[in-house]
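Visitor: Here's the letter readout for the chains.
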Amino acid sequence: MAGFILIVIAACIFPGVILRTKSLLSGRKGPGFFQPVKDISVLMKKGSVFSTTTGLIFQIAPVVTLASILCSLMVIPFGEHRALLSFEGDFIFFSYMLAFGKFFTIIAALDTGSSFEGMGASREAFFSMLVEPAFFILLATFAMFTGYTSFSDIFNNFFITGNDYVMIYSIIGVYLLVQITLVENSRVPVDDPKTHLELTMIHEVMILDYSGFDKALIHIGSYLKFALYGSLIYNLIVPAEWNIFLQTFLFFTVQAFFAVIVGLTESFRARNKMNKNPKFILTLSAIAWIAFVVILIMTDKLV
Amino acid sequence: MTIAFALLLIWFTIIAWTNLNRTELAYFTFDSTGVLLLSVLALLAIPTIYHGFIYTTGDDANKHSIYHASLVALITFMSGAYMANSMTVLWIFVEATTLAVAVLIYHDRTDMALEATWKYVFICSTGIALAYLGILFLGFIYGRGDAPNLSFASFAHVINNASPLYLKIAFVFVLTGFSTKMGLFPMHTVTIDAHSVAPPPISALISTTLMNVGFLAIFRVYTLFSSTSILPFMNHVLILAGLLSLLIAAGYMLKAKHLKRMLAYSSLENMGLVAIAVGVGGAGYYAALLLLVLHSFTKSSLFYQMGQLSRMLHTFRLDECGRYMNLYPAGAMVLLTGMICILAIPPSGMFISEFMIFKGLVLNNQWFVLIATIVLLCFIIYAMSIRIMHITFSGPRTENNTVLPGKVNPVETISQFIFLGIVIVMCFYQPPFLVNLINQSFTMLPK
Amino acid sequence: MVNYLIVFFAVTLMYFSSADRLTTYIKLIGIQGLLLCGIAIFELNEVNTANLLFIVSETLIFKTIMLPYLLTRIIQRSGVTKVHRLAMPGFNLLLFSIFGLLISVILAKILINPFINTIYLAIALFTLFTGMLLIVTHKLIISHLIGFLIIENAVFMFSLAIGNEMPMMINIGILLDIFVGVLILGFFGLRLKPHTNELTMLKD
Amino acid sequence: MNGSLFLAIIFLSLLVFFVPRSLKYSYSLFLLAGAVALTSVWSYRLLSGSVQIIDIPLNLPFIQNSFILTVDRLSAFFIIVINITVFIGFLYARGYLEPYYRSKNALRFSIHYFSYIWLYLSMLMVVMFRDGLSFLIAWEIMALSSFFLVIFDAEDRTILKTGISYLIQMHVGMFFILIAFLLVEKATGQMGFDALGSYFSNHSNIPLFILFFIGFGIKAGFIPLHTWLPEAHPAAPSHVSGIMSGVMIKMGIYGILRVLISVQSDLLLIGIIILIISLLSGVLGVMMAIVQHDLKRLLAYHSIENIGIIGIGIGLGMIGLATGNTALAILGLAGGLLHVLNHSLFKSLLFFSAGSVYQATHTRNIEHLGGLMKKMPYTAFLFLIGSLAICGLPPFNGFISEYLIYMGMFKSLSAANLYQSMLILGTIVGLSLIGGLAIFCFTKAFGIAFLGEPRSEHASGAKEVGKNMNFPQYITVAFIMLIGLGSGFVVKPVFSIVAQTFRLPDAVLTTGPFITNLSQISILAGIFIITVTVLLVYRHYHLKGKQVETGPTWACGYTAGTSRQQYTATSYAYNYNHIAKPLLQGKKIMEDIREDEIFPGKRTFISHNDDIFKKLLIDKPTDWFSGLLKKLAVMQTGQIQHYILYAFVFILLVLLLTILNII
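Protein chains in written order, with the numbering used here: chain A, 10 to 312; chain B, 295 to 741; chain C, -13 to 190; chain D, 246 to 908.
Note that these hints are calculated values from the structure, not bench results.
A hint or two may mislead.
[Said to hold, decoys possible] Pairs of lysine to any residue, SDA-like flavour, derived with a Cα cap of 25 Å:
1. D:Lys619 <-> A:Ile69
2. D:Lys431 <-> D:Ser443
3. A:Lys54 <-> D:Lys791
4. D:Lys349 <-> B:Ala666
5. D:Lys406 <-> D:Asn447
6. A:Lys31 <-> A:Cys21
7. A:Lys285 <-> D:Val528
8. D:Lys875 <-> B:Ala666
9. D:Lys875 <-> D:Val417
10. B:Lys701 <-> D:Pro265
11. B:Lys701 <-> B:Phe711
12. D:Lys349 <-> B:Leu621
13. C:Lys13 <-> C:Ile84
14. A:Lys55 <-> D:Thr776
15. D:Lys789 <-> A:Gly56
[Said to hold, decoys possible] Residues of chain C placed beyond 12 Å of chain B at every Cβ, according to the derived structure:
16. Thr10
17. Phe134
18. Ser145
Since the structure is predicted, the reported quantities are computational estimates derived from the model, not experimental observations.
For every residue, glycine included, the Cβ atom is placed at its ideal position computed from N, Cα and C.
If we strip away everything but chain A, and leave its shape as in the complex, we get (with noise of 0.2 Å):
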């Protein structure tokens, strides 16, 4: 339950300090922390306008995306409190029903007859189809470190089996993590939200018909994500056996310095070319599957 509120209330921090970030390095003052959710309360209140071409998919997705984002907070787990939800597998779970809201997204925006949003559409289904297997080797990866195959045992147990290679595991997972968020949630390099060419774009291309409640739904959906896999980051990084008031405290730390980190790359850095985003990505995986063949070499598989 703690992980849920905490990761709830992380997520209406979150955007704003990448705001705040990019603002500041970029010379300006910059709106205030709070002010993407303000953003969201204007769009609630504003009314909405339909294309003639869309049908039902096209009203029912955001509200598919938000809910199934929300059924998979809910397995995750923050510190020794077990997740809403703990079971054997949850994980799958987890990323498939992240598909699920997916796929309603991609099919939205392919009603509303766009080109555009297709094309944003079709590169949404393609990268995301990508990334799926490194985030899989790297669950499989620590279920079989730590034995368990269950977000709440394996973060619970990770740092507890006394096993040296932890550090490994769990910086090359933060590393991971990391670059896999990036790509889930379509920031720079490999997507620029804020770019002003359609033709560029990849996640905001296919929103780009909504307005009003749903596209705050939209907007809520991603916070969430972010702060989502910011949790995951924070359990591979804190210790689960320290105390609560602590935890809560590196909690929001972690996640505010991995809303930094983002808010530097986006600053600092060009999004990719189009066409080298599939190579990007793939060599995510690639990371991920031979870091930990070669880590699996290393620890105890060989003996």
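Using the hints provided, position chains B, C and D relative to the given structure of chain A.
Guide: Structure of chains B, C and D alone, referenced to chain A:
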């Protein structure tokens, strides 16, 4: 008149059934192989005569009577050949069938018929001569003062002290000679022409029972020699001939443009299988005889159907036939069922014998023969099924709107359905009397 | 005495390979019939006279007189005199038949048998070979017919070879002549043209 | 009693030809219902655990040799699978066949119904016969009847050709099984599945298994034996392709399982072989599916993919058995089995709804569709459910089976040694990749076909199909949701089937906690559905207050000028196609614009992908060999002297061979 004869034939068959292995008139024995094939002939005779009547209704009285007279003669000679218990008598009857068939083939009096008849008579007589040479070589193995006639029984005791080389030559000559009748490679060529030209009921008869005559002649000699040391030699020669027949049949069925010729080639294919089956030995003998019987039923019903097809479509050219399913559903049904049966796809009884052939091949470790047979069979199935399917369902490639489709009464297909039904039932259940008869017919063969 | 006849018989066969006029063929057929008759007389000294008479008369009447007569009739009717062969000059044909003779002698040696005179065997095989060769290398159906006649003579010689043991074999062999009759009737009855060399409507 | 009932149905099926035309359908339906009821009773008796095995002799009064139907739990499971889909398929057929009533005569329909009944009966016999010969006969009848079902539209020459090549390939597969059985008989003296055990126990297992695997694999459609599958399914009428792809190809899986039961040694190697081939089939199958534009061909390739998933489960199960890892064994096999059921459900659903689309639009090319969501909402809904299920997304049934397979792997990772763990890691990657690709493919299929604007008059003129076509699919959807939400109830019996069939004693303790996991999943799925509904309701009331306008799609100035401007399937798959080019053999037929062409004329652009395996394994060899045969067949020259020559040569040849002592 002919009907009366048919009834007579059936009565004769029943007689044969009742006193199996009795010898009549010193030259005839009701042995099981003969009786088996004789009963097939008796079953086929009636529909053949019936369809023959339908076929010859248009003709003048003279042709009509010639046709039926020679048909009766043919049937008589064939039953004589089945029953003959001595090489020479068998040979005489086989010779006689050629004459009868020649008249029947020439029934239509067309150039094609003329050519086919001439070729048939000529090649057959050459074959007969060769076979006779084989028999003479048999004669050579007799010492002075041995049994004067070449009855199979009297052979049995001299056969073992004969020089194998003579036996081999005799067998090769007999095989080649009678292959004209059996429609097996190397002298299969004329039977193909004859089948494609003869009136459909006659094709039905000569591509089944007459082929059985040829097979019987070879099989008797084979049985005779099987006790000697040349058994493996005979098996090899048979398998060689069988494979070559399969090869040629496959090639020509892939090229076939004429419906009846295609069926003739399929007879060639089946005879090749029979030869292989005998060559395999063991379970193969049963397979061979079963295949022979079922092939007679299936192929004859297909040829009867050809008669009706020609009355519907007025042609046998594959690219002019088509939409048979819409024109004449009952006939189309016969075609489809017959196709399945002749291709030995379950539920066709012929699958059982094919299965046994493969079994024998596997048991003898004859892998090359096995694979070759399977591959060729697959191509044959492709070639035949695609052609029959096309004339059944899809429209003809070259429309000729000049001739209108004729009318045929579906009742005529009953006999064909009965035969095909028998074949299909055989797949699931072979009646014991048949099984016993077949088993008896190769009791003296080595297991 | 018999052996002389047989050798003479072989010589006629050689002539078959070299000759290229139908009339020659017919003459040769007649001569062969005569020779066979002679051979029969000298060879079949053990069979009962009735049978012997039958055989002799058959050979004499049918083989020596009937057949040549009918063949000449056919030729006269169709006015074809020369045989044109299938891309095979007579020289090669001769070589072939010499080769064939060699083979038949060797084969006869292999097949040596107490009951049969080896020369019979050799010549008979040679006859068979020549007959086949004639059919295979000629186009005209009438020369096919003549080839068949030669084969039939070969068969007859074979049967003579064992005629003493089982005369019925000869009688049966004579049945083959029925076929010759049928074939020749084919020319009259079916109005075949003997020079038709393209009876090739039925193929594939 | 049971046996005679079964026989009665068999013989009654012949009457289909004589029933008056108007009654044919109902008569066949009656027969099918009877058979379904009968067999379901049998399988229920088994699955309820009361008995281990039932023998049902089929003997007529005067016939001695009687065939015996043997039902054990495995057969019972497959009987259930067959019954559900076949029956629903026939209900659907009623509506699908209506347009053909005018164009085809009564006999065609008799043949169609007859072969449908016999496809069903033969599949039942296949899973119930143990004796080799009768099994082979049933197996071949199955191929034959499905062949006649495929060529229902046989006026079309291409369909006929496809059907026949299908028949031939089935026949080849049959020969493999035949030879395998004969080898068994040669060694043990009896043929049939029961004799396998004694063969395997004292012969090497691999070769015979390979023979069986090829034979059954051709039916199941493992790559590279799949070549008939993408051709036959589009050719067949949709209800037929539904049951063929849903049920018939599973008979191959059944055969493989049946053989695996008695395999004694080399389990690990066999498991690895199956696993690798299945991974190949899964990934390549879906990769080829993405580039297809023919809706049913796309689905056919997905059948290959799903067969791959099933095979992965089985292979893992074998590895588990080999290494004594019961968890992996049970989870893998159970996952595979359950996926058999699941796939039969959602794949038939997809084929049925695709058939509805075809009937409404008379085209299967998705490039010509679009906007069907508005024209035929029910069909679109059904297709959407199917796509979500086939992508293995929760809360649908596809997820459950994939979850089981995943779990088997994850649980056994820590215990496995290095090579196994690498293998399993690879499998996990493959499976996740398959999932991602499937999503890619079905977003394309659904999005292009049902969403946006109609791309041609085919689509714009479409009308929703009748209730009698949609209703049966709702039943399928009900089953799908049932398995997706109440997975615990379904998985328990599957576990017990696996445990009993593969003689795994300590099944209970490994599978106990699992049911709780599954119930957790059900809870989460429930929560998900509730959340969606709550949010939707909230959104509904929320939007009441605001003003809601409609306008053209914005997308930076794109106003839906012509529907041709929309994203097409090709362009959707473009970036993917770019990567997968070497494998998929994509071809483009186009002519470039020349330099001197100031005003370029009309240009056409065709792009198509052909199946590299079909080209290399089927087309090239057969063409070569048939060409060879045709060349060899030159003997019938029509000249007598040649005919004599053959005899002459043959005699000389044989004599020569004799003298040389070759024969």
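Visitor: Compare the distance between the alpha carbons of Lys349 of chain D and Ala666 of chain B with 25 Å, and conclude whether the hinted pair is satisfied.
Guide: violated, 41 Å
Visitor: Hey, Lys875 of chain D versus Val417 of chain D, does the alpha-carbon distance stay inside 25 Å?
Guide: holds, 21 Å
Visitor: With 12 Å as the threshold, tell me whether Thr10 of chain C passes as away from chain B on beta-carbon distances.
Guide: holds, 22 Å
Visitor: Is Lys31 of chain A within 25 Å of Cys21 of chain A, Cα to Cα?
Guide: holds, 17 Å
Visitor: Report holds if the minimum CB distance from Phe134 of chain C to chain B is greater than 12 Å, and violated otherwise.
Guide: violated, 6 Å
Visitor: Is the straight-line distance between the alpha-carbon of Lys55 of chain A and that of Thr776 of chain D 25 Å or less?
Guide: It holds: about 23 Å lies between the C-alpha atoms, which stays within 25 Å.
Visitor: For the pair supplied as a hint, Lys285 of chain A and Val528 of chain D, confirm whether the alpha-carbon distance does not exceed 25 Å.
Guide: holds, 23 Å
Visitor: Straight-line Cα separation of Lys406 of chain D and Asn447 of chain D no greater than 25 Å?
Guide: violated, 44 Å
Visitor: Holds or violated: Lys875 of chain D and Ala666 of chain B, Cα atoms, limit 25 Å.
Guide: holds, 16 Å
Visitor: Holds or violated: Lys349 of chain D and Leu621 of chain B, Cα atoms, limit 25 Å.
Guide: holds, 12 Å
Visitor: Against the 25 Å threshold, does the CA-CA distance of Lys54 of chain A and Lys791 of chain D hold or violate the hint?
Guide: holds, 8 Å
Visitor: Given the hint that Lys13 of chain C pairs with Ile84 of chain C, does the C-alpha gap stay at or below 25 Å?
Guide: holds, 22 Å
Of the hints listed earlier, those the structure fails to meet are numbers 4, 5, 17 and 18, in rising order.
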